[in-house]
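First to last, the sequence lines map onto chains A, B and C. 1 is the number of the first residue of the first sequence in UniProt numbering; add one for each residue after it. 1 is the number of the first residue of the second sequence in UniProt numbering; add one for each residue after it. 1 is the number of the first residue of the third sequence in UniProt numbering; add one for each residue after it.
These are calculated hints, taken from the structure and not from any lab test. Treat the hints with caution; some may be incorrect.
Derived DSSO-like pairs: lysine-lysine, alpha-carbon spacing no greater than 27 Å straight-line [unchecked claim]:
(1) Lys53/A x Lys20/C
(2) Lys53/A x Lys211/B
(3) Lys239/B x Lys241/C
(4) Lys239/B x Lys53/A
(5) Lys205/A x Lys55/B
(6) Lys55/B x Lys199/C
(7) Lys246/C x Lys199/C
(8) Lys241/C x Lys238/B
(9) Lys272/A x Lys246/C
(10) Lys205/A x Lys206/B
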Amino acid sequence: MPREAEPSINDRAFLLQALQENIRLDGRALDAYRHLDISFGDDYGVADVRLGKTRVLTRISASITAPRPDRKFDGIFTITTELSPLASPAFESGRQSDLETHLSRILETSLRRSQALSTESLCLVAGQKVWALRADIHVLDYDGGLIDACCLSTLTALRHYRIPDASVKGGDLTVYTPVERDPVPLALLHHPVCVTLNFFESGEKWLVDATLMEQQCSEGEIVVAANPQGEVCLVQKGGGGEVDALVLLRCVEVAMGKVRELGKAMDGALAKDAKRRDKGGMSRELRAENER
Amino acid sequence: MAAQTLVLPGEAIPSDILPIPSNPSLALKLGPGLRHVPPSTITSVLAGSLCIDQKKNSIWVENNSGRYIPQPNDLVLAIVHHSSTDWYHCAITPHTTLAQLPQLAFEGATKKTRPQLNSGSLIYARVLSASKHTDPELACCNPSTGKSEGMGELKGGMVFDVSLGMARRLLLARQREEGGLVVLEEIAEKVAFEVAVGRNGKVWVKSGGVKETLLVGRALQETDREGLGVEEQGRLVKKLLRGI
Amino acid sequence: MANITLSPLYRADGSAKYSKAGYSVIAAVSGPIEVQRRDELPEEAAVDIAVRPAAGVGGLRERHLESIIQNTLRRVILVSAHPRSLIQFTLQIVTSPEDGTVTGNLPQAASNLPVLPALLQASILALISTSIPLSMTLTATLVAVNSNDTLIPDPSVQQIKLASSIHVLAFSSHGELLVVESEGDFTMDTWEEVYQKAKLICHGEEEYKGESESEDMSMNSEDVSNLENVLKDAVERKIAKSQRWKESMG
Numbered sequence: 001m002p003r004e005a006e007p008s009i010n011d012r013a014f015l016l017q018a019l020q021e022n023i024r025l026d027g028r029a030l031d032a033y034r035h036l037d038i039s040f041g042d043d044y045g046v047a048d049v050r051l052g053k054t055r056v057l058t059r060i061s062a063s064i065t066a067p068r069p070d071r072k073f074d075g076i077f078t079i080t081t082e083l084s085p086l087a088s089p090a091f092e093s094g095r096q097s098d099l100e101t102h103l104s105r106i107l108e109t110s111l112r113r114s115q116a117l118s119t120e121s122l123c124l125v126a127g128q129k130v131w132a133l134r135a136d137i138h139v140l141d142y143d144g145g146l147i148d149a150c151c152l153s154t155l156t157a158l159r160h161y162r163i164p165d166a167s168v169k170g171g172d173l174t175v176y177t178p179v180e181r182d183p184v185p186l187a188l189l190h191h192p193v194c195v196t197l198n199f200f201e202s203g204e205k206w207l208v209d210a211t212l213m214e215q216q217c218s219e220g221e222i223v224v225a226a227n228p229q230g231e232v233c234l235v236q237k238g239g240g241g242e243v244d245a246l247v248l249l250r251c252v253e254v255a256m257g258k259v260r261e262l263g264k265a266m267d268g269a270l271a272k273d274a275k276r277r278d279k280g281g282m283s284r285e286l287r288a289e290n291e292r
Numbered sequence: 001m002a003a004q005t006l007v008l009p010g011e012a013i014p015s016d017i018l019p020i021p022s023n024p025s026l027a028l029k030l031g032p033g034l035r036h037v038p039p040s041t042i043t044s045v046l047a048g049s050l051c052i053d054q055k056k057n058s059i060w061v062e063n064n065s066g067r068y069i070p071q072p073n074d075l076v077l078a079i080v081h082h083s084s085t086d087w088y089h090c091a092i093t094p095h096t097t098l099a100q101l102p103q104l105a106f107e108g109a110t111k112k113t114r115p116q117l118n119s120g121s122l123i124y125a126r127v128l129s130a131s132k133h134t135d136p137e138l139a140c141c142n143p144s145t146g147k148s149e150g151m152g153e154l155k156g157g158m159v160f161d162v163s164l165g166m167a168r169r170l171l172l173a174r175q176r177e178e179g180g181l182v183v184l185e186e187i188a189e190k191v192a193f194e195v196a197v198g199r200n201g202k203v204w205v206k207s208g209g210v211k212e213t214l215l216v217g218r219a220l221q222e223t224d225r226e227g228l229g230v231e232e233q234g235r236l237v238k239k240l241l242r243g244i
Numbered sequence: 001m002a003n004i005t006l007s008p009l010y011r012a013d014g015s016a017k018y019s020k021a022g023y024s025v026i027a028a029v030s031g032p033i034e035v036q037r038r039d040e041l042p043e044e045a046a047v048d049i050a051v052r053p054a055a056g057v058g059g060l061r062e063r064h065l066e067s068i069i070q071n072t073l074r075r076v077i078l079v080s081a082h083p084r085s086l087i088q089f090t091l092q093i094v095t096s097p098e099d100g101t102v103t104g105n106l107p108q109a110a111s112n113l114p115v116l117p118a119l120l121q122a123s124i125l126a127l128i129s130t131s132i133p134l135s136m137t138l139t140a141t142l143v144a145v146n147s148n149d150t151l152i153p154d155p156s157v158q159q160i161k162l163a164s165s166i167h168v169l170a171f172s173s174h175g176e177l178l179v180v181e182s183e184g185d186f187t188m189d190t191w192e193e194v195y196q197k198a199k200l201i202c203h204g205e206e207e208y209k210g211e212s213e214s215e216d217m218s219m220n221s222e223d224v225s226n227l228e229n230v231l232k233d234a235v236e237r238k239i240a241k242s243q244r245w246k247e248s249m250g
């Protein structure tokens, strides 16, 4: 089974030596993210997030199905992550790796279980018809920071997505095509973002947004998911190394700052795209929501 | 200077542009990217620019992408993966079959004095033999003289990735004249450092401090990425030197 | 118009993005790399293809496409140059025009074929970007025939739905037919016309141009540059970029 190539003894020692002098190999500050670029396709609900050399593309799609019998009023929302050799030859297609399981668990908790998306709003006819929304996450390039990039990409895609408008009259469901009625945005309750920190020197030193090599040399990591309002949705520590409780608190605090930073970048990118689409400035008047 | 034209895979090279040998008995040398289809057709198998050297009576396709394929006599930077009784098994590029390095292929190595390399050690070695049917074999000394010639385990420092074309240029005997590279010379005027260039697109750099090592590595990577010319390299080095 | 980006990805040995007529595909190639024992071939490189849909998980449709592409590429790649190794393709469909129409089911095209030309083009470009030895390059196109026997190159989703038959043809750089996949009802004469048309689009054959003027001028005039030239242009730009340093040497 292929595995990611380990850095040599020399590289590892050099990286740690540099960290002792508070220098990162790419010249970033310890608490700085790599260059973040968020772009959108022509379709709604496709977000392409580039974080340095890491690149993740998420596509949201919707279909109508019957709800689960025990949750008659809730729509269905699934997130699929499949790591393919596209991102790194170490990934095998059609076979779930530990990294993939880890990734999907964190996304599950931070985005789905934190009720970022109101699944009740996806209900069309109670007990019979609901929207099944799926987020397909395609990792195109992998150089660390996978969790942060995937979470950001999925959330941006959700915020960008427009679901077809539908109405129910006397039990009959009508789904309108985009020509008949403008599709509507999803009901998102809050915007949680993941921030990963990696530890070095037995938890003494930490850094934000590690590259793959930094990740391979680190002793452990902590993932914090929170929304820009300051509500923490998830804290998870992995990798085995010991970390002092106070350092952990400090990390959460740093992560909060980063969450706001990423949130702003996301708002900016979405606003820019909305402007690009709204050529004649008419979208406000034409929007179906206004009628209600 | 060699003449250049773009070729795509599968194109037949017209016989009138082939170099004319000074002596009719001299065989035409086909470099990388070309193949001979009997009886007398030469076709390209890669995309790149076709280079012709009239003096050496040789012709080849130059390009700068893809994965490194070991060729005999190339100098490479490899990482020891594991060792067995008589061999070190080394990775030249990730996810390919490991190359074999005899434990006695070091300068002055005997059964008792051979170097002990752990997995993850970095070595500078020459490809002794490589063919498509066998695993490549490495050596850390010149087999005819037994001298190390700078090869062996590299201690300290850091490895930077560059493109295969850049590695090729760095290994030219006359970097400035043939490869248009002055970046290392320019830095060497101000900072002392050591480098070892592997044909597999890796450059090992070691200098007095972390900052200096990173400066050399970054200068090389940026020159490579942006395709900087001689003057631009000078400006880049000045800019980077100001940083420390 | 086709849009080509060579080597957009960092990690893969070679990659390419190809967009045309609403389809957009990213192809990545790793190779030659170590092959698993069970797939190892003693005399040639194993070629592995994975087609990944934009939404949902791959199914029968993707497996079918994979087998067509694998059979084609094994002819194009000089597989004997790298025996006992693996050349691994991942073809990620990024957008396809069917996605825009939310109907109530997961976007599933009625036909497998419309995306095939984009997949083939993306793979050959990625191969060029990887510098794997090839015996030739290829170009592929889609032609639909509607009920009154008009040929429509690069048809839209709606046109495909109404077409009586659709055809995917790929030609090698030597002008030979490499792939032909057809669906629907058509006569041999229609197929012959489709063949000529596709050859013109891919390969731009001079002799045919004169003949075409009398038949159907409006279609040809928009596609003056044939696909092969488009491909060559993209490669030329990439190579010029990698040799920028030579300019300053004079």
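So, going through the hints one by one against the coordinates:
{"no.": "1", "hint": "Lys53/A x Lys20/C", "result": "holds, 26 Å"}
{"no.": "2", "hint": "Lys53/A x Lys211/B", "result": "holds, 23 Å"}
{"no.": "3", "hint": "Lys239/B x Lys241/C", "result": "holds, 23 Å"}
{"no.": "4", "hint": "Lys239/B x Lys53/A", "result": "holds, 24 Å"}
{"no.": "5", "hint": "Lys205/A x Lys55/B", "result": "violated, 59 Å"}
{"no.": "6", "hint": "Lys55/B x Lys199/C", "result": "violated, 42 Å"}
{"no.": "7", "hint": "Lys246/C x Lys199/C", "result": "violated, 37 Å"}
{"no.": "8", "hint": "Lys241/C x Lys238/B", "result": "holds, 24 Å"}
{"no.": "9", "hint": "Lys272/A x Lys246/C", "result": "violated, 39 Å"}
{"no.": "10", "hint": "Lys205/A x Lys206/B", "result": "holds, 25 Å"}
Of the numbered hints given earlier, the model fails hints 5, 6, 7, 9; all others are met.
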